[in-house]
Amino acid sequence: MTAENVVVTTTTDSEDLARALAAGAIEARLGACAQVVGPVTSVYRWEGAVQTDQEWRVEVKTTARRVEELTAHLLEHHTYDTPEVIATPITGGSPAYLSWLGEETR
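The sequence shown begins at 1 in full-length UniProt numbering and counts up one residue at a time.
Just so you know, the hints here were simulated from the structure itself, not pulled from any lab data. Accuracy of the hints is not assured; some may be wrong.
[What the hints assert, rightly or not] Here are the computed distance ranges between Cβ atoms for each label pair: (1) 103 with 77: 36 to 42 angstroms; (2) 14 with 94: 28 to 34 angstroms; (3) 24 with 50: 14 to 20 angstroms; (4) 4 with 76: 21 to 27 angstroms; (5) 4 with 39: 30 to 36 angstroms.
Glycine included, C-beta positions come from ideal geometry on N, C-alpha and C.
Sequences are here, hints too, so could you generate the full structure?
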């Protein structure tokens, strides 16, 4: 089963950039809604060393057909060398909300 709707997630090192990424995606109609969550603590391996940093997560609700464009938009406006950009399928939810999501990303 292929999901029609997804949540695309990225993280960044500042709340201001997270808000800018969220607003840019919505302004471009690449997502219907975006939320900035944080700060969160991220632990990851980078260039051979374990790092621990404070980050802000951006979650954009969109349709599967907009994921490629949204990914390109996030990569273009991101400051990280290799930013996290992942898409998670939405497998259910409020029919009215999911319909609105589709309308907002046309």
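Hint by hint, here is what the structure shows:
1. 103 with 77: 36 to 42 angstroms: Distance hint for residue 103, residue 77 is violated at roughly 24 angstroms.
2. 14 with 94: 28 to 34 angstroms: Between residue 14 and residue 94, where Cβ atoms are some 32 angstroms apart, the hint holds.
3. 24 with 50: 14 to 20 angstroms: violated, 31 angstroms
4. 4 with 76: 21 to 27 angstroms: Given range 21 to 27 angstroms: holds, Cβ gap about 25 angstroms.
5. 4 with 39: 30 to 36 angstroms: Holds - the Cβ-Cβ distance for residue 4 and residue 39, about 32 angstroms, lies within 30 to 36 angstroms.
Hint check: violations occur at hints 1 and 3; the rest are consistent with the structure.
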